[in-house]
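Protein chains in written order, with the working numbering: chain A, 1 to 396; chain B, 1 to 158.
Treat the hints with caution; some may be incorrect.
[To be verified] Derived DEER-like restraints, expressed as beta-carbon distance ranges: (1) A/Ser231 with B/Gln40: 29 to 37 angstroms; (2) B/Ala99 with A/Gly158: 44 to 52 angstroms; (3) B/Gly113 with A/Arg126: 44 to 52 angstroms; (4) A/Gly123 with B/Lys41: 40 to 48 angstroms; (5) B/Pro7 with A/Gly123: 17 to 25 angstroms; (6) B/Arg23 with A/Pro130: 36 to 44 angstroms; (7) B/Pro47 with A/Arg332: 36 to 44 angstroms; (8) A/Ser231 with B/Arg45: 47 to 55 angstroms; (9) A/Glu317 with B/Gly113: 30 to 38 angstroms; (10) A/Thr366 with B/Arg45: 42 to 50 angstroms; (11) A/Gly117 with B/Ala150: 32 to 40 angstroms; (12) A/Asp232 with B/Lys41: 51 to 59 angstroms; (13) A/Pro130 with B/Ser3: 44 to 52 angstroms; (14) A/Glu190 with B/Val85: 28 to 36 angstroms.
Hint data in this document are derived by calculation from the structure and do not stem from the laboratory.
The C-beta atom is built at its ideal place from N, Cα and C for all residues, glycine as well.
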Amino acid sequence: MSGDVAVLGAGMHPWGKWGRGFVEYGTVAARGALADAGIEWRDVRSVVGAGTVRGGYPGYVAGATFAQALGWQGARVTSVYAACASGAQAVNTARAQILAGMADVVLVVGADAAPKGFFAPAGGERPDDPDWLRFRVLGATNPAYFALYARRRMALHGDTPEDFALVKVKNAAAGALNPNARYRAAVSPEQVAASAVVADPLRLLDICATSDGAAALVLSSMDFARRHGASDPVRIRAVSTVTPTYPKAVLDLPDIATDSAVAVEPSPMSFRGSIARAAYEEAGIGPGDLSLAEVYDLSTALELEWYEDIGLCAPGEGAALVRSGATALGGRIPVNPSGGLASFGEAVPAQAIAQVCELTWQLRGTAGERQIPGARAGITANQGLFGHGSAVVAVR
Amino acid sequence: MPSKRIPVVAGWFTEDGTEEDFRLLGTRCPLCSSVFFPPQKGLCRNPGCTGGELAEVPLSRHGTVWSYTDGRYRPPAPYLSDPEVPWEPYTLVAVELAAERMVVLGQAAPGVGVGDLAVGMTVEAVPGVMDAGPGDDGAVRTTWHWRPVAAGSSGGAA
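Using the sequences provided together with the hints, build the complete structure.
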C-alpha cells in the first residue's frame with residue numbers, strides 16, 4: 001500500500017525512577033533504535049521529538065534537544081506536543097515527511113522524567129488555564145477522573161472492583177516478562193484489594209504510576225527499506241490523530257464540565273471510539289483482523305472501556321471480556337502484552353511510541369517470552385488531554 | 001470583624017443572596033442557545049453557529065449524579081490546603097443538568113461521602129467555602145458544592 005512507512009528500528013530506555021534527566025533517557029532509546037535499524041546517525045535526515053512540559057525549555061524543543069545530544073549533524077528537527085498523545089503525533093509527523101518525500105529516514109524520540117505522586121500543572125497563577133483551574137477549584141487530580149469513569153461503569157454495566165483488579169493481574173503477568181517494564185512482579189487480586197484507596201472506587205494498584213522512560217523509532221520509506229535490505233519490515237499503515245466533535249458529552253481531563261448538547265445532538269460514537277474508527281478506516285482493517293492491541297490503561301477500569309472503544313466487544317461487555325481471559329497472553333486477542341501502563345507507569349511523551357515499539361517486536365516475532373504466535377496486525381490506542389486522539393495500526 | 005469573602009474564581013457563581021437564590025453562572029449563545037460552563041467569554045464554540053457575544057445565564061439549581069469519587073490524598077498546588085493540617089478527604093460529584101444537557105463537576109457539601117451518593121440521585125448546587133490555604137490571612141474562599149436533595153423535599157435541608 002502506498003501509504004505505508006517501514007519501521008526499521010525500535011529502542012527504549014527501561015522505565016523506572018532513575019533520577020536522571022529526560023535527555024539522557026531519550027539518547028539511550030535513540031541509539032538503541034538506530035542500532036536496531038542498522039542506520040548510522042549521520043544518515044538520519046530528520047528528527048521528530050515528542051516534547052515534555054517537565055524538562056524546562058529543552059523539553060519544549062525536544063527534537064533539537066535530542067539532535068544536539070546525539071551530535072549535531074544538520075538534520076531537520078521538529079518538536080511536537082499533544083499531552084499523552086505526543087508520541088503518536090511525532091510518529092505521524094515523521095510519516096507525513098516520509099510520504100511527502102521530505103526525508104527517507106526519520107528518527108522519532110520521546111522521553112520523560114516524571115515527578116513522584118500526582119502530576120501537577122505548571123506553577124504560577126494561571127486562571128485562564130483549565131488544567132490549573134481543575135486543581136485550584138476542585139483538587140481534581142488525574143486519578144479522580146479515572147475514578148469517575150470507573151464508578152460510572154459500575155452503575156451502568158455492573159462492573160465490580162474485582163473486575164478492575166483482573167486487568168492489573170493480567171498486565172502485571174505480562175509485564176513480568178518485559179525487561180523494559182518498571183514493575184516486573186506478578187500481582188494477585190488480593191494485593192490489589194489490599195492496596196490503599198486513592199479515589200473511590202480505585203485503589204493504588206488500579207492506577208498507573210508516573211515513571212521515567214524513553215522510546216524511539218527509526219522510520220523510513222518502503223523504497224529506502226528495500227534498498228537497506230529490509231524486504232519484509234513491519235509497516236505503519238495508519239495513524240489516527242483525530243479530535244472530538246462538538247458537543248463532547250463525556251467529562252474529560254482537564255474539563256470541569258462537558259459541552260452542552262442543547263443545540264446539537266452528540267455523536268452516537270464516543271471520542272475514544274472515533275479514534276480507533278479513523279485508524280481502522282485508514283488501514284482498511286477491522287478489530288477482527290487484530291493479533292494484539294496496546295491501549296492506554298491509565299487505570300484498570302479504563303482498559304475495559306478501550307476494549308469497547310476499539311471494537312473488541314460491545315459496549316458494557318469489557319468486564320466479561322477480561323474475565324474470559326481473551327485479552328491475556330495466550331487468549332484470543334491479547335491486550336497490553338507489553339504489560340501496559342500498569343507495568344510501565346506513564347512517561348508521557350514516550351508512551352505512545354513505546355506502544356508502537358511493542359507492536360514492532362510482536363510483529364517481528366522477537367518479543368521473547370511474551371510473544372504472540374504469528375502476530376500479523378496490531379493497533380495502539382491512546383488519548384491525550386485537551387482532545388488529542390492517538391492510534392497507530394501496524395502490520396506485517 | 002467578619003472575614004473577607006473571596007470567590008475561588010470570580011464570575012462562576014452568584015455571590016449575594018440566600019442559599020435558595022444561589023446559582024452557578026454560565027454563558028449562553030444568543031443564536032443557538034448552547035450553554036458554556038465555566039462561563040466562556042467571546043464567541044460560541046458550536047462549529048455550526050455564527051452567533052455573537054455570549055451572555056451570562058444562571059444554570060439549573062438541580063441535577064442528577066452522573067458519577068462521583070473522592071480524594072483520599074492531598075492534591076498538589078494550586079489546590080489550597082494547609083500542609084500542617086491533617087488531610088480530610090473530600091468528595092467530587094459530576095452532575096448532569098437536564099435543561100442544559102451538560103455535566104458539571106463540583107465538590108460535595110461537607111459531610112457528604114461517597115456512601116451517601118448514587119448515580120441518578122438528585123442533588124442541588126449550594127454555596128460553600130473551601131479549606132483555607134497557607135497565607136490566606138483569614139480570608140474565606142467561597143465556591144459551589146453539590147448536596148443531595150432529601151426525598152420529598154424541594155431542597156434546602158438535606
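Here's how the hints hold up against the structure:
{"no.": "1", "hint": "A/Ser231 with B/Gln40: 29 to 37 angstroms", "verdict": "55 angstroms, violated"}
{"no.": "2", "hint": "B/Ala99 with A/Gly158: 44 to 52 angstroms", "verdict": "30 angstroms, violated"}
{"no.": "3", "hint": "B/Gly113 with A/Arg126: 44 to 52 angstroms", "verdict": "31 angstroms, violated"}
{"no.": "4", "hint": "A/Gly123 with B/Lys41: 40 to 48 angstroms", "verdict": "24 angstroms, violated"}
{"no.": "5", "hint": "B/Pro7 with A/Gly123: 17 to 25 angstroms", "verdict": "22 angstroms, holds"}
{"no.": "6", "hint": "B/Arg23 with A/Pro130: 36 to 44 angstroms", "verdict": "22 angstroms, violated"}
{"no.": "7", "hint": "B/Pro47 with A/Arg332: 36 to 44 angstroms", "verdict": "40 angstroms, holds"}
{"no.": "8", "hint": "A/Ser231 with B/Arg45: 47 to 55 angstroms", "verdict": "50 angstroms, holds"}
{"no.": "9", "hint": "A/Glu317 with B/Gly113: 30 to 38 angstroms", "verdict": "31 angstroms, holds"}
{"no.": "10", "hint": "A/Thr366 with B/Arg45: 42 to 50 angstroms", "verdict": "47 angstroms, holds"}
{"no.": "11", "hint": "A/Gly117 with B/Ala150: 32 to 40 angstroms", "verdict": "38 angstroms, holds"}
{"no.": "12", "hint": "A/Asp232 with B/Lys41: 51 to 59 angstroms", "verdict": "55 angstroms, holds"}
{"no.": "13", "hint": "A/Pro130 with B/Ser3: 44 to 52 angstroms", "verdict": "29 angstroms, violated"}
{"no.": "14", "hint": "A/Glu190 with B/Val85: 28 to 36 angstroms", "verdict": "34 angstroms, holds"}
Checked against the numbered hints listed earlier, the structure breaks hints 1, 2, 3, 4, 6 and 13; every other hint is satisfied.
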